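**Student:** Based on these hints, arrange chain B on the given structure of chain A.
There are 2 protein chains.
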Amino acid sequence: MADPTLDEVVALCKRRGFIFQSSEIYGGLASTYDYGHYGVLLKQNVKAEWWRAVVQERDDMVALDAAILMHPKTWEASGHLAGFTDPMVDCRTCKLRFRADQLEDSACGRKPSKRPGEHSECDLTEPRQFNLMFKTHMGPVEEDAAVVYLRPETAQGIFVNFKNVLQFARKKPPFGIAQVGKAFRNEITPGNFIFRTREFEQMEIEFFVPPADAEQWHERWMEQRMGWYTELGIRPDHLMLRKHGPDELSHYSSATSDIEYLFPMGWSELEGIANRGDFDLTQHAEHSGEKLEYFDQETRESYVPHVIEPSAGADRATLAFLVDAYETEEVEGRQRTVLRMHPRLAPVKVAVLPLVSKEGMPERAREIYEGLRGRIPAEYDEGGSIGKRYRRQDEIGTPWGVTIDGQTLEDDTVTLRDRDSLEQTRVPAGELADLLAERLEAPWTSPKLD
Amino acid sequence: MADPTLDEVVALCKRRGFIFQSSEIYGGLASTYDYGHYGVLLKQNVKAEWWRAVVQERDDMVALDAAILMHPKTWEASGHLAGFTDPMVDCRTCKLRFRADQLEDSACGRKPSKRPGEHSECDLTEPRQFNLMFKTHMGPVEEDAAVVYLRPETAQGIFVNFKNVLQFARKKPPFGIAQVGKAFRNEITPGNFIFRTREFEQMEIEFFVPPADAEQWHERWMEQRMGWYTELGIRPDHLMLRKHGPDELSHYSSATSDIEYLFPMGWSELEGIANRGDFDLTQHAEHSGEKLEYFDQETRESYVPHVIEPSAGADRATLAFLVDAYETEEVEGRQRTVLRMHPRLAPVKVAVLPLVSKEGMPERAREIYEGLRGRIPAEYDEGGSIGKRYRRQDEIGTPWGVTIDGQTLEDDTVTLRDRDSLEQTRVPAGELADLLAERLEAPWTSPKLD
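So the sequences go chain by chain: A and B.
Note that the numbering used here numbers the first sequence so that position 171 is 171, with each residue one more than the last.
If you count the second sequence from 1, you need to add 450 to reach the numbering used here.
Calculated directly from the structure, the hints in this document are not laboratory data.
The structure displayed is predicted, hence computed values, not measured ones.
Some clues are possibly wrong.
As the list claims (entries may be wrong) - Stretch by stretch, here's where chain B covers chain A in the computed footprint (C-beta under 8 Å, at least three residues): (1) 24-35; (2) 39-49; (3) 127-135; (4) 162-176; (5) 348-359.
The C-beta atom is built at its ideal place from N, Cα and C for all residues, glycine as well.
Bound-form chain A, shown alone:
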């Protein structure tokens, strides 16, 4: 089947309560989104799988959760205050504002078939630099001394804590610091649903290594992070590693590769994996006067570790998992939409459904549900026809459905339905929890690859 359009995914997200436009009753706030019930559970699972892979299953990673509001000197040192800008032009005629470097892809306000500047009435200003950090004031007075910024990336919270971690977590390079948290960028042209929003959540690692090992660790992290997406079911042919050309590289980076996913709007960045060298620690050492070095007991030498940064977007990853899972197919003459999602990512693992709302089936179904929910995220649903309830669970991506029917009341077996194969097998109710817990931990391959 064809891959979904972005509109189809947005519609499903709204219909099933994954993601809503923010402040919708007030007409919405541009490019800001609220996660509804299943969206919260899905994104929680995405973050939990990242955490498991990069923190729990490793001995060389330390966790951090730095504040969003940081000391303004941080942004002087990092270069954001001077250089985190986009060039913009205004049209004096139509009052629209454009990114100067994206005029090719923009439409004139008067005649959308033309580009800004191409229409006879266009009157563009010279490009001006616009800083992307959100600015606010801390303390009761709005004065320059009280200006603080919403962090535009979580990374700097890690660098300014490098010394604390060295001292109190007793780590030595190679080791990393991992953090999940919100960041804010006052983007001029956000868009594509939750792909590019002004408020977003990052999953970032700064991995500190001896300078001589930087290249090797860069390679290792690229491989590791590509593997994470494919193990969680992303089809390998929809994923690629793209190396930045010399003209694309950030000022701090000697090498960056992006993991890109084939979104409905084309190949776009999911995660960047940069070799930042010693740029950040050196900058913060200079600006703070603190020594941000590691003293190697063996060689009796101090050095500034180099940094490999795998930086992923939690919202983008969530969108990629939704898009990759989305499928529409015909089953016995009826259309069904299904999220063929890795069971560990699915918001609900098992739906417990009485075949009909009578003859004691709801009572037995609730007992089975109560027995499962403590071990496995489960949902009980008795409303509507069984076909309608299956379709609902398919759209949520629930990998297993358990139906309680007449036979259950006789021999205590239930029907276990598989979301992907649609196979139905009879299983003793008492064996369900173990069986599903086992399947949940088993490796999984997207059935779209068959």
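**Tutor:** Chain B alone, transformed into the frame defined by chain A:
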């Protein structure tokens, strides 16, 4: 033993890497804190236990994760724009600023033994209202039309999504919406470590009920929430429910009770449980023009549900659990500091320690560690004397220690040490995972209650 001072808790948090002053290398940002490794794990556990109690174990709760940046009309409707203010006075002499309603507890800038206004040189302004919301601008132009605020509470994100949840989550009152997320208040006088900070994390529920049942649900939630803290080990005599007097009630509330904890600085609010009536939904209906009601199929009538709001602070709860667990005692002539924390809250559940770093003990210890970590958060530590390593784990609050010694290499039993009783028992290594998983789920009572 005596309860700890706040300074003792702060010192332990820094020493063991729970919580650091934010942007410390730049001299810190006032009243802003970064969570280090064990702090992240502890706070994650606090939030996970809240989530388990109010979302996972209930059928009447829906999850939400709304954006921090909301449509500014939200704050018109909620009353925050007009009324979320503190009265302030400035001293023209010493240039300090004070909360007009807290002059009694403030110190004159020139003569700290006196109160502001009492010293002959004091020259105080009239009180002025100061709005506590952080203001910023969205989009490229700093103009009035683009003003947005950092949400001062997560609650409003729930109210503006009420209609979406009714429609897509198929719930009917009584049901609740639960949310964990950051909020920001430009407090004039933050303080007491992570108790009152300008950036903080809330765990909020808005529970929608038929108006006639509001009082009963208010009672039920007070009981439920008190029980949550005591089940997680808070000593009941350090916890109280305090009913707001008529002069204390917020404009939206007909009744509020605070759960207070006996912090080192005195009894202070952990969580507020308010009966908000129909205030919020009515306000947002008026300002948005949307109907925010529930249509009852049975009675064929529409009504505006009343709202019970249990609103807890994740940082405050974390601080309370730290304070309540903290104990210093003498063991065999040596002082030890220990966090007697509920095992489910403890950042690390089990430490695996080879008695000495030789004779094959580290190798066997690592094998045991690898076998445990997949099921139970574990830490491996082979550095330093066994006594020093135990003391470190005591200060982190690790409930169990497993020591691998000479006998382990003969009969594969290990020593299991209990943090609280200091009892050591020999256990077959192969039984550890099951044994600890079982203990982790068992009810727990603070040994301080003995």
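**Student:** Does the structure break any of the earlier hints, and which numbers would those be?
**Tutor:** As far as the earlier hints go, only 5 is violated by this structure.
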